[in-house]
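Participant: Could you build all of it, start to finish, from the sequences and the hints given here?
If you read the sequences in order, they're chains A and B.
Each residue of the first sequence is one higher than the last, beginning at 1 in this note's numbering.
Each residue of the second sequence is one higher than the last, beginning at 1 in this note's numbering.
By construction, these hints were calculated from the structure, which means they are not laboratory data.
Given the structure is predicted, the values throughout are model-derived calculations rather than measurements.
You can trust all of the hints, since none of them are fake.
Identical copies look the same in the list; a pair holds intra-copy or inter-copy alike.
Calculated pairs, SDA-like style, for lysine to any residue (alpha carbon to alpha carbon, straight line, at most 20 Å):
hint	residue 1	residue 2
1	Lys61	Asp83
2	Lys127	Asp83
3	Lys61	Gln51
4	Lys27	Glu115
5	Lys17	Asp85
6	Lys27	Arg113
7	Lys127	Cys82
8	Lys61	Leu9
9	Lys17	Ala44
Letter by letter, the chains look like this.
Protein chains: 2
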Amino acid sequence: MTSNDNSWLDAVAWDDKGLVPVIAQEKGTGDVLMFAWMNREALAQTAAIGQAVYFSRSRNKLWHKGEESGHFQDVHEIRLDCDNDVVLLTITQHGHTPSIACHTGRHSCFYQRLEAGQWQAATPVLKDPGSIYK
Amino acid sequence: MTSNDNSWLDAVAWDDKGLVPVIAQEKGTGDVLMFAWMNREALAQTAAIGQAVYFSRSRNKLWHKGEESGHFQDVHEIRLDCDNDVVLLTITQHGHTPSIACHTGRHSCFYQRLEAGQWQAATPVLKDPGSIYK
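Facilitator: Structural data, given as structure tokens:
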């Protein structure tokens, strides 16, 4: 990457809060593990260090995924959609086998499945969240 | 589905515009094809007819994907994330082989890949958009 050229960051259509939605998809399985947001600095850091850095809207600050849980995400590929306003990451999820991306201790954040008009937890908790976040 | 029970729709954490972000992932390939938004009515219709109905923010109305292009999406599974504020669909993308979800005539909307500090079109146009939208 050419460090002085930030035109790729300028190309992103940041929303009115300066954010872009980000989908994290696991390399190998293809599973969609989580969805989060990035601001310009988060995306720049993600590209620079090769690990996912999001922007936490609830804490209003950068969030290097794994900084508390140890569940870091190596980023293999960064993609942008046709409208330049959504980012797709291809990642390897570290910290546990099988991998855990969700703060509930599950593999994926998308564990609730609509069945007969109700949301049902479709995948198990792999690790007690209390032991993930000390 | 119990038609009189809409508690599953109440469970969704709609944003301040009454919308929820939606990821469409292709069954079989696992490819993330597109990202869009739904309001309550769009999600209800999607579940009712088993095809993806989004809410177009630019046109400010419901958008039954494929209504103009013929590229309908059959919905196999509807998932909700841990915060109840993002939806993941598992779909079959109809209308062309190989499948086209993007209005540019490409398989996936996520065709721009960051390479050496620049966004590069990483996948080909499968069909002239001019012949998709009459």
